[in-house]
Amino acid sequence: MMSTRRPDGTIELLAGGFLSRRGLLRVGGGTMAAAAGLPLLTGEGMAAALQGDPQPGGDLTFGLSADPPNLDPHIDSGAAASTIKQLVYGTMVRYWLGGELQPNLADSWEISDDGLEYTFALHPGVTFHDGAPFTAEDVKASIERMQDGAVGATLQVEMSLIEEVVAEDELTVRLRLGQPNPAMIEYLAQPDAAIMSKAFLDAGTDPNTTMVGTGPFTFVSREPGVRTELARNEGYFREGLPYLDRIIFVPYTDENTRVSALLGGEIDVADYVPWKDMQTVEDDPNLKLALGQEAAFMCVIYNVEEPPFDNPLVRSALSYAYDRQAIVDAVFFGRGSTITGGLIPTSSWAHNAELDGTYPYDPARAQELLAEAGFADGFSVTLLSTSQYGMHQSSAEIAQQNLQAIGIDCQLELFDWSTVVQRQTEGSYQFRIHGLSPELVDPDFLTNFFASGSAFSRSSNFADEEIDRLLAEGRTTLDEAARKEIYLQLERRLLELSPWSFLSWREQGEGLKEEIQGYEHLPGSTGFKSAVTLEQAWRPS
Amino acid sequence: MLAYILRRLAQAVVLVFVVATLVAAFIHLIPGDPVYVILGETNVTPERVAAVRAELGLDRPIPLQYAEWLAGLTRGDFGDSLTSGRPIGGDLLLRLPRTLELILVSTLLSVVIGVPLGVLAASYRNRAPDLAVSTFALIGVSAPVFVVGTLLLLLFGVLWGVLPATGYVAFGDDPARHLKHLILPSVTLATLETAIVLRMTRSSMLEVLAEDYVRTARAKGLDGRLVLYGHALRNALIPVLTIIGIQIGSALGGTVLVELIFNWPGLSSYLVTGINQRDYPVVQAVVLVIAALFILLNLLTDLVYAVVDPRIRYG
Amino acid sequence: MASATAAAPGSAGAAGSIVGARSTSSPVWRRLRDNPRVVASTAMLAVIIAVAVFAPWLTPQDPMAMSTGERLQGPSAAHLLGTDEYGRDLLSRIIRGSRTSLVVALLSVTAATVIGTLFGVVGSYFGGVWEIVTMRSVDVLLTFPPILLAIAVVAFLGPSMANLIGVIALLYLPRFARISYGAGLQVKQRDYVEAARVVGARAPRILGTAILPNILAPIFVQISLSLGFAILLESGLSFLGLGTPPPEPSWGNMVGVGRGYLRQSGWFVLWPSLAISLTILCFNTLGDGLRDSLDPRLKR
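Residue numbers (my numbering), protein chains in the order written: chain A, 1 to 541; chain B, 1001 to 1315; chain C, 2001 to 2300.
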């Protein structure tokens, strides 16, 4: 799976790309028979085929866990907002079934031997929703917008690795990097790297109030907090797709209400099915669950300037104190797995199995280490978390209980999310509980979390030269075996320093009506990019 | 009378101004920053924060921002939401009627059910009907609103599936579905209100029935029922009206839980989202509207007194 | 929220009529004693308060001890009322939670009563500037959306029991101020107040000896009703994540959390709901009884 996106396998990657492309063109043929071939791509074969041929038409009501705070595709504002943006906008490359990278607006690309030059051949005949043709100029304008500090694009740092964007001709664009980066193609696959129309940007239209993209659905209307409506893009470049006429997004911020709406048949799809209710959804004959493993993880982040957490021994001691299985059981109803070693997921080629078991649940060991660090009698600390998200608060409650069990007086500070974000950004906390997703399949996702200068390191005052060195080395090394060795060292160092305590992976799932076909939950952290598969979703009329 | 109304209105304007200013001060004082909400939590750099802050005009002194907002108000402009960029006035116009509808329907329910039951209880004081009704009322005032709401939702919306569990459909889109969606939230809201109106009617009827003139009327041989409904109820209604006034007033800012449970896109959920996202102008605007309505409602209640009870005069 | 802030049952109606009572305490007591509902609810409240006071000795298990393997169970021999989402013993948490709920209710209503009554009495007796200062600030408080007040206080000061008590007190202060203001205005006109003023008594003395005792009746009624609603409000705020911070149990936060697990274990939400409802029921019955007993015209 991962082989397709390794830079040392440029040809392989290209081949994979062409194959997928061809597969899609087959679907794009528009006839029902051709479209039926699509489930074969998922490997589900007969089971899916038995559902019959896709039928165009129909509406879908999608219950979102949050109301998108903004519509700007370059500014990440949470998974719920991303769901909508993924359908309206297109990216050069995208994650597709099985978590594979698939050509999208770019048909193919070539990477120079030094890993510095990327040349993309763009898909011909693509138009934006306003009718303007999609060209290399749009790619250039979009990347330059993301690089602009005033925009506040989520991928500003990553896009700034691109030193130059050249529109060679209408349908060829060349990117020049300052240094090689094996995750570059993945950055371009992020929903936050959406391609916007140059004409739209030049006209000065506010991208926060309307959306003009190349995606399978067009933006129709939006009333914040109530509904956002998308309609079928008649001019979508994958012919015959999408099947649905309309998708109506309704925000349901209360998770219990969202599940009730799904169970009551009010909505067709609900994202973020609470773990406690997954069984109920699975047991309901009218509903099914689209589920993915290792989608996101819970962790404890220490402010390493705050005593006693300025002592790595104390942080390491605490890593033994958390009952990770209790968190998996009580918070995620068993739908997750403990992380006793490194953070690189088990599905990754870079996963360091030899580190698993570094931090088992061992309160006695924790107390030993605390005594060694000079805290035999414990200490008093406050744990920052939010009352707004159940999984955060529940994990914090269990952590608090665990720490009290080894003689640490731990108080919870539960604020609303806005306050928590401010407190953490300003570093005014001792330690906090957080739920995060790696975002990238490539192990370079660690840079976002642990490189000195990253938002997370800044807010936790963490900086370590060796980690910086290893991250940079991992990023610029193209050989996979060599990279694996680098990431082993890196994770070993991370566990030793324990700036974070990793707790558990969690599954992530959407609940949907049994009759709805074609929607797939992508594996691992790409699960948050599953919305793209709505382009092949359909329902029997 | 007119002078009285004008004086009260003048007071109202001052009061609304004070409340709005306090709220503006309050919401700016509490921790949390709309810029962080807009930027998300990853890759927040000081430069980006500064850029967004400048773009939204949040870098200027707060009193100046507030003064500009007030100046906009005089032109009927409530400002734009910081997070969605939409004009707040338009969203208020969409959301206010939804909350008012919920409140009015539930108030109507509580009066239609509560007043007759209260009269019934009073006329059968300490006998079986009174005990039954009073017990119902006690349970009604004792059950947490979100427990009642969740139970109704689970039973009618999920288990039996006879009513839509959640959500909202505009009346213009589909009147029948609109009304169906209205039932569960307004019944939930009405449970407590009915119990309160019922209890008030009962005790106030009991008081009036003990008054001398009612006894006199009875002694003179007037038909019992005529006395009960004609004389007594009319006088007993005044405190009931007060309670209804208070109910509606507090419901204006108090439908929060019901709107949350049933995903009803009204004013309260707008306020809560505004607070959560630290969307300053949204919070200020919603509070302003709620405060103004609340004060107008009080004035209206006082005026209705005068109609119901000719003894009350305002000068 | 609607539930809790909404009601001032009896305030307007009772205020006017009860002031006239001015009866010696014995007939009131007799009437209360003869009312079986009042006796029953008083006895029940005594039991509830005793449970709260002796909670540490009554809990069969550690109310904080988690055992995730036993989570969300129904009643059993090991856990008489079942377990919560972390496998903690519900009976022990209900017992422990009675403390939190009652302390929050008692302290917040006490604060609201003292400050509110002071505002009302001062406002009504002195009038003029005093009236504007006291009663207009009460108006402002009334106009403030309670949810904003709660979120603001919790965000600004952090969630804690003390802040929760402060918020609830602020939300209940206006009704006491209004009742005592209305009653104070009426009493002020009475002969004995007039007389006290003529003989040159100082204001605090008149307030304390002539006015306060005569407006106590409606206030007592309001206290008993408010206690019930304060418990309800605590649960409403807990539902919004603004209530008693974990791991300390309160009936309110138990209902708030338990609501989410209705599909997994109905027992979880049932017990604290019952505890809340029962306690409010007792306070309300007591309040009703007080009102009936204090109003001589209602005696049979």
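The hints are simulated quantities; they were obtained by calculation from the structure and are not laboratory data. A portion of the hints provided could be inaccurate.
Unchecked claim - Derived DEER-like restraints, expressed as beta-carbon distance ranges:
no.	chain 1	residue 1	chain 2	residue 2	range
1	B	1161	A	239	36 to 46 Å
2	C	2069	A	346	20 to 30 Å
3	C	2075	A	282	21 to 31 Å
4	A	312	B	1053	35 to 45 Å
5	C	2075	A	310	40 to 50 Å
What the hints assert, rightly or not - Residues from chain C that keep clear of chain B, each with C-beta distances beyond 10 Å, as calculated:
no.	residue
6	2043
7	2053
8	2055
9	2057
10	2073
11	2074
12	2197
13	2213
14	2232
15	2265
16	2273
17	2288
Glycine residues also receive a C-beta, built at the ideal position from the N, C-alpha and C atoms.
Here is how each hint holds up against the structure:
no.	hint	verdict
1	B:1161 - A:239: 36 to 46 Å	40 Å, holds
2	C:2069 - A:346: 20 to 30 Å	25 Å, holds
3	C:2075 - A:282: 21 to 31 Å	27 Å, holds
4	A:312 - B:1053: 35 to 45 Å	36 Å, holds
5	C:2075 - A:310: 40 to 50 Å	48 Å, holds
6	2043	17 Å, holds
7	2053	23 Å, holds
8	2055	22 Å, holds
9	2057	28 Å, holds
10	2073	20 Å, holds
11	2074	18 Å, holds
12	2197	26 Å, holds
13	2213	22 Å, holds
14	2232	6 Å, violated
15	2265	13 Å, holds
16	2273	5 Å, violated
17	2288	8 Å, violated
Figure legend: structure checked against the earlier numbered hints; hints not met, in rising order: 14, 16 and 17.
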